[in-house]
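Mind docking these for me? Both chains are given alone in their own frames, and the hints should help you get the complex.
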Amino acid sequence: MNLRDTLSLSFMTVVSYRTRSLLIVLAMALGVAAVVVLTALGDGARNYVVGQFSSLGTNLIIVLPGRSETSGGIVSAALGQTPRDLTLEDARFVSQLPQVKRLAPLNVGVAELNAGGKLREVTVLGSTAELLPIRHMKLSKGSFLAHGSERSAQIVLGSELAHEFFPDGNVIGQRIRLGDSRFMVSGVLASQGESMGFNNDEIAIIPIDYAQELFNTSTLFRILVEARSRNAIEPAKAAIQHTLKLRHDGEDDVTVITQDAILATFDRILRALTLGVAGIAAISLAVAGILVMNVMLVAVAQRTAEIGLLKAIGAPSADIRHLFFAEAVWLSLAGGAIGFGLGHLGALLIRLAYPQLPAWPPVWASVAGVAIALITGILASLLPAARAARMDPVNALSGK
Amino acid sequence: MIRLTEISRVFHMGDQEVRALNDINLEIASGEYVSIMGPSGSGKSTLLNVVGLLDRPNSGSYELDGTNVTALSETEQARVRREKIGFVFQSFHLIPRLTAAENIELPLILEGVAPADRKTRVEATLDAFELRDRAHHRPAELSGGQRQRVAIARATILKPTALLADEPTGNLDHRTGAEVVALLEALHHAGTTLIVVTHDRELGARAHRHISMRDGEIVGDEK
Ligand SMILES: Nc1ncnc2c1ncn2[C@@H]1O[C@H](COP(=O)(O)OP(=O)(O)OP(=O)(O)O)[C@@H](O)[C@H]1O
Ligand SMILES: [Mg+2]
Numbered sequence: 228m229n230l231r232d233t234l235s236l237s238f239m240t241v242v243s244y245r246t247r248s249l250l251i252v253l254a255m256a257l258g259v260a261a262v263v264v265l266t267a268l269g270d271g272a273r274n275y276v277v278g279q280f281s282s283l284g285t286n287l288i289i290v291l292p293g294r295s296e297t298s299g300g301i302v303s304a305a306l307g308q309t310p311r312d313l314t315l316e317d318a319r320f321v322s323q324l325p326q327v328k329r330l331a332p333l334n335v336g337v338a339e340l341n342a343g344g345k346l347r348e349v350t351v352l353g354s355t356a357e358l359l360p361i362r363h364m365k366l367s368k369g370s371f372l373a374h375g376s377e378r379s380a381q382i383v384l385g386s387e388l389a390h391e392f393f394p395d396g397n398v399i400g401q402r403i404r405l406g407d408s409r410f411m412v413s414g415v416l417a418s419q420g421e422s423m424g425f426n427n428d429e430i431a432i433i434p435i436d437y438a439q440e441l442f443n444t445s446t447l448f449r450i451l452v453e454a455r456s457r458n459a460i461e462p463a464k465a466a467i468q469h470t471l472k473l474r475h476d477g478e479d480d481v482t483v484i485t486q487d488a489i490l491a492t493f494d495r496i497l498r499a500l501t502l503g504v505a506g507i508a509a510i511s512l513a514v515a516g517i518l519v520m521n522v523m524l525v526a527v528a529q530r531t532a533e534i535g536l537l538k539a540i541g542a543p544s545a546d547i548r549h550l551f552f553a554e555a556v557w558l559s560l561a562g563g564a565i566g567f568g569l570g571h572l573g574a575l576l577i578r579l580a581y582p583q584l585p586a587w588p589p590v591w592a593s594v595a596g597v598a599i600a601l602i603t604g605i606l607a608s609l610l611p612a613a614r615a616a617r618m619d620p621v622n623a624l625s626g627k
Numbered sequence: 260m261i262r263l264t265e266i267s268r269v270f271h272m273g274d275q276e277v278r279a280l281n282d283i284n285l286e287i288a289s290g291e292y293v294s295i296m297g298p299s300g301s302g303k304s305t306l307l308n309v310v311g312l313l314d315r316p317n318s319g320s321y322e323l324d325g326t327n328v329t330a331l332s333e334t335e336q337a338r339v340r341r342e343k344i345g346f347v348f349q350s351f352h353l354i355p356r357l358t359a360a361e362n363i364e365l366p367l368i369l370e371g372v373a374p375a376d377r378k379t380r381v382e383a384t385l386d387a388f389e390l391r392d393r394a395h396h397r398p399a400e401l402s403g404g405q406r407q408r409v410a411i412a413r414a415t416i417l418k419p420t421a422l423l424a425d426e427p428t429g430n431l432d433h434r435t436g437a438e439v440v441a442l443l444e445a446l447h448h449a450g451t452t453l454i455v456v457t458h459d460r461e462l463g464a465r466a467h468r469h470i471s472m473r474d475g476e477i478v479g480d481e482k
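Each protein sequence line maps, in turn, to chains A and B. All the letters of the first sequence, read from the start, carry residue numbers 228 to 627 under my numbering. All the letters of the second sequence, read from the start, carry residue numbers 260 to 482 under my numbering.
One chain only, chain B, in its complex shape (with noise of 0.2 Å):
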């Protein structure tokens, strides 16, 4: 459950002031399946990454399955990014020198997780996401659908309840992107929180529930 209560995000860019949220109010309950939507710069990723914990909003409170998370310390936020949240982004975002298995075991590290525990757990996902055969490959050795696989398999290895996708689709060609939606729509259907910001209609359409933003406030909200 995701409660957003008059959040306000104002970036200064020398004299001029940048409301790139303001004063939002959202609810996003679990399960949801929600997309975003609206022209450039309307803030659209501001409000992904606020709801993310990556960004902090300069006024408003943010509750997330009923803890006030903006109260929170920067350690005890980045434990419930990891604990909590997955993070998709249009340019992937893989770490170059470490191999798929690697880079989907990232999350499991920083959560301490024990090494033979670890690997049981990166075998598992790799199946799932049929990224087996291209386990000890470089990013720079997969395609763009492979590579989108493999950031989506490191966002959900914890098993967050919320998965986070600022175009997603944005840097793929049309049958890999629809691939992609489909693998995203899967983890929505097991439970997961989906939010997908995209300019991509079609894609759009097809959440639950859309959203659409404009000059830092959401203009519409529809089922």
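Excised from the complex, chain A in its bound form (with noise of 0.2 Å):
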């Protein structure tokens, strides 16, 4: 018999028996759907936070006084010796070194706007001019803060804060009051929704110099350092790390992290869960190669005659082996196809509900999906199919 008729045959065949294909084609389609759909989300939530951090800024290292708790804090704490704190005199080294294009130094507090007659609780950065171009951000109006001239008592505002304070959209050059000082409304920044947690609409950034003044301190929060390129991030890292260390009196008490460093981390975490959820999913079209088997079996027992009849016109057992075999492939491949085009339905309304999570199934799972179909269905029907080319006609044809 060649191919095209055993495929024909067995087609035919997987048709007549509706339920028991339908029910194989359906836990296939189930199992091939659940890897689309789990890698779709794993893939999605990675892709996700992956842009998220990017969108923090370019070649970015972040600089906060203190060890990591990873080595020598307890140590340091028993000696009785208190991490030095950050200063804007350590960001003035750090931004002559040859590696670092520029540096935002940065401080973060809580303090009171009031302008026009309202009054709120609002989240303030100080920090410089270098700011803008390192996180990425963007102005909608105005300017923002002024290079070298620091002093100047300036304040962009987050575009919600703008509109709150000044629904008219007359916001530029207007006096708010921050605290017990007075500021001038120099920008206002481009609305961007929330990143990482924290909404940018409803900042207010000042100076740097001004921030501590209004936050009482002399210290740090973070330096944001822009390193030259991508391969300057490292050479950065341990020069910054170097200088500080000198300027500390020989003590480690910074912690220096890569943007690049976080990324890779997460990236990692994500890709794993991401194969994680895969490999569960997958069990779940192994299970349905089982359940194939199965029905495979009790088919080859209810064919016992009909095997018996196709042996006694002629056909060698390798014709009743390719024909149960072919059944199977017919089935795996309508699951793999069906569960295919479920997944991707069932990513797209992922993709509908939730559309900042970029829910797109990676083209390696839904190609594997579909294969690890086909392969179970494959392998599960090799068992039958050999039972019933094995079968002796006689008894096979008295339904013994």
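One or more of the hints may lead you astray.
To be verified - Incomplete in silico selection of chain A near chain B, CB under 7 Å: (1) M228; (2) N229; (3) L536; (4) I540; (5) G541; (6) P543; (7) V621; (8) N622; (9) G626.
Keep in mind the hints are simulated off the structure, nothing from the lab. Glycine is no exception: its CB is placed at the ideal position from the N, C-alpha and C atoms.
Encoded structure:
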């Protein structure tokens, strides 16, 4: 019997055993759909997080005071050495490093904003003109903090704040009170929405020394550094650590985080997670494979007389084996294709429901899902097909 | 030409041994019309199955049209079965989900005949067996006589040299049984070797050669 006839004959069989076939196809399809949807979710989450981090800035290095807990923190505490704070002087030294393109010192606090008869607490960032390019921020109106002239009492408002305090849109040049000091609005940030759980539209930005005065501190919360290039990130990190160690009497008391490292960690974790859920979904496919095997074994038993008849009219064992094998191929193909469609539909629905989440099924997952369906289906049919082919025709004809 | 030499077929049931065929020697020439009769359990079906290459003897040799078929591989035996032998069973053995035409087409598919050729040959066979108006009916929608006609059409579409029928009228009433017998005899007249196993004396008597069996042995062989 040739391939075409084997395929068409087994196709007719699959179609005529409608309930049985639907059951198998459904089990297969659900398994494949689960692989596709779950990997879409996992990969979407990964892309979302990576995107969020990337929006923070390019080639970003973050310097924060204190050792990271993993090394030495307890020792230095035991020796009675409190970690030295970061200062603007530290920032000035770091900014002179050749690997550093630009840098923005950062202070964060909360203060009362008072303007146009309204009053509310806002998050205040103190920084310099460099914050804008480093953090990839954009202005919708006016100008950002001025270069070099940080002593002028400028304030830049988040879009939401600007709208709330000056609904008429006439905001540039307006005078407002922040805590006890007066500021003049020089610019408004373009709306950015939330990023990393931090609403950029509800912040106010003032020059760093005003912020230090406002919060009555001489230390910095962070220094944001932009390296000259991607390749300069690691050398810059080492140079920053070296410089600050020298300035801090040989004490390693700052932590330098590169955005790349954070990204890589998240990337790794979320990739592992995606693989994990894909694996679990693949197990459901293996279970579907066992179902296929059982249903096929029952089918072989039910069609014993028919197998005997085929042998009696001259079908060699190979033909019988191929027929059952082809049935499994059809069922798995249908299951794989329907599951592929269902999975992509599911991913589309997720994207519609959560537009921020780029839940696109990765190509490898779709291919792997369908391939696993085919392979399990075919493997599961090997035993039943072999059993059918091995049947003794005389016994088979008498239904034994 | 069928030649069986010292053919034995032994079944083991637990520790009991059943000699279904006991050193059978038999020669049937091409174009003969033979009936095989005997009490139940005497080995008639087993003999037919060995002749039809459905069953392998434990010992002895079987020569079909000059070739020793006992030595052939499973695949080669299947080909011989397909091309030289047609089986007709008491219970028809039609595939229930296929139509009459599709059941008749099966041997052509196994043989690898091209679809267009298949179609013309099936049509011709449907006409020859007066099944044209039943072509697209499934077995469940056919009468017993029609089912057996479909089975005979299927058994003969590849023009086998020998037609082996095991109780072909066993499931049919007298009149349809007679019709089926007439059909088988027509095929015999066209040159096919016809071997019929039956309990029906009347049918057995119609053959030109009568073989009687008892306990796995041939106890009578008259022309
Ligand atoms: N597969 C088998 N396993 C064990 N014993 C078998 C098997 N097939 C046949 N036999 C035995 O072989 C003997 C001959 O059986 P066979 O079917 O050839 O008889 P038969 O003449 O066709 O009988 P009937 O007229 O009832 O059909 C019987 O004793 C039977 O029990
Ligand atoms: Mg019998």
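Item to check | Hints the structure fails to honour | outcome: 8 and 9
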